[in-house]
Amino acid sequence: MSNVKHFTNGLVKENPTLVLLIGMCPVLAVSTSAFNGIGMGLATTFVLAMSNMVIAMIKNLVPNKVRIPIFVVVIASFVTIVQMVMEAFVPGLYKALGVFVPLIVVNCIILARAEAFAQKNTVMASIMDGLGMGLGFTFALTILGAIREMLGNGSIFNFRFVSADANTILIFILSPGAFIALGYMIAIFNRLKKK
Amino acid sequence: MAKLESNLKTMVLSLLGVCAVASGLLGYMNKITEGPIAESKLKTKLAAIQQVVPEFNNNPGEEKYTIPSDLGELECFPARKDGQLVGTAISSQTNKGFSGTIVIMVGIKPDGSLINTAVLDHKETPGLGSKMVEPKFREQFMGKNPETDKIKVKKDGGTIDAITAATISSRAYCDAILRAWNAYQKGGKK
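First to last, the protein sequences are chains A and B. Each residue of the first sequence is one higher than the one before, starting from 1 at the first, in this note's numbering. Each residue of the second sequence is one higher than the one before, starting from 196 at the first, in this note's numbering.
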């Protein structure tokens, strides 16, 4: 497979959220607004691409039986670096995403891609796979966040289109709304993909 | 290069190597981000102080003192204009919120009435409790004196309109303000 294919694979064919259904915890917890979705998605994309790259580089130096602890150390280091850099240089974004950044470590998309892809493929292919998977995740998270924000809060990217006192469908901001909206999203996506 | 075999020596060495590189890198990153992080934290605090007290021309950060409360020491930043105390910014907190601790800055006039409040940190539900950062909710407290006006949500017989579907967050906000005010009355005036 060419590198372009590795990239598009994560966007549509094996979209981690809508097709593989992995890493659902952040998807449901963070998608309360479109902005949160995009921020979390891009932070995950960065960590995913970097950890895929490093794991592909060191794959021959990693004995099979201790691969999981080594992968986790690599991933956790990148997440901590992202967190420190964000807190120091973009405090606004850090404030908005602060709680979710450490959660990237336990996002199983990252470990799953390290295990299923990066340890068997070349560095370039692994970076493309990480970027594709990450952007596919960002795409799903942003759409879901936009739907929930529109229905539940009457705004999109913090731009309000109904008055602040209007009655919105609050359930979409709360956890049950995440399951309902995600269910419909997966159904529609799979229907479109089949055609 | 062939893949390393899994025996005790390779396993220990590779894990040790990866951990050593990772911790070295993290230590280095910590060193270069430490300064900017402390600076940006101080900046947020100063911006919040400016929001909750009237115009001042001293340096409240330098005159910082602490007063005791049931949730530990609260930091107080006295604001003076030409040596005259115009207000005190108190960093207060509550753990009665919907999720996690809410940290706010409360500005109190020397006569005990509230000037303004600002949110420093919270983890309330986005779209519901998070609306407490909006002026519409916070403006209700301006000018009120907890001695005469009840700082409680209307449901509890007070004077504050709670945020729709976020009564718990609104109650917690009142609780944090009262914590600062009570501590200030008990001996925080300087």
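Quick caveat, the hints were computed from the structure, so don't treat them as lab data. Note that this is a predicted model, so its numbers are computed, not measured. There's no promise every hint is true.
A few chain B residues that face chain A, going by a derived Cβ cut-off under 7 angstroms, partial list only [what the hints assert, rightly or not]:
(1) Lys204
(2) Thr205
(3) Leu210
(4) Leu211
(5) Val213
(6) Cys214
(7) Leu221
(8) Gly222
(9) Pro231
(10) Ser235
Straight-line distance between alpha carbons at most 20 angstroms, and here's what the computed DMTMM-like set of lysine to aspartate or glutamate pairs gives [what the hints assert, rightly or not]:
(11) Lys238/B x Glu14/A
(12) Lys318/B x Glu115/A
(13) Lys240/B x Glu258/B
(14) Lys236/B x Asp316/B
(15) Lys276/B x Glu257/B
(16) Lys95/A x Glu234/B
(17) Lys240/B x Glu115/A
(18) Lys331/B x Asp356/B
(19) Lys304/B x Glu250/B
(20) Lys291/B x Glu234/B
(21) Lys65/A x Glu234/B
(22) Lys120/A x Glu200/B
(23) Lys236/B x Glu87/A
Just so it is clear, CB atoms sit at the ideal spot from N, CA and C, and this is done for glycine as well.
Hints versus structure:
| no. | hint | result |
| --- | --- | --- |
| 1 | Lys204 | violated, 9 angstroms |
| 2 | Thr205 | holds, 5 angstroms |
| 3 | Leu210 | holds, 5 angstroms |
| 4 | Leu211 | violated, 10 angstroms |
| 5 | Val213 | holds, 5 angstroms |
| 6 | Cys214 | holds, 6 angstroms |
| 7 | Leu221 | holds, 6 angstroms |
| 8 | Gly222 | violated, 11 angstroms |
| 9 | Pro231 | holds, 4 angstroms |
| 10 | Ser235 | holds, 4 angstroms |
| 11 | Lys238/B x Glu14/A | violated, 44 angstroms |
| 12 | Lys318/B x Glu115/A | violated, 33 angstroms |
| 13 | Lys240/B x Glu258/B | holds, 14 angstroms |
| 14 | Lys236/B x Asp316/B | holds, 11 angstroms |
| 15 | Lys276/B x Glu257/B | holds, 15 angstroms |
| 16 | Lys95/A x Glu234/B | holds, 15 angstroms |
| 17 | Lys240/B x Glu115/A | violated, 44 angstroms |
| 18 | Lys331/B x Asp356/B | holds, 10 angstroms |
| 19 | Lys304/B x Glu250/B | holds, 12 angstroms |
| 20 | Lys291/B x Glu234/B | violated, 29 angstroms |
| 21 | Lys65/A x Glu234/B | violated, 44 angstroms |
| 22 | Lys120/A x Glu200/B | holds, 16 angstroms |
| 23 | Lys236/B x Glu87/A | holds, 9 angstroms |
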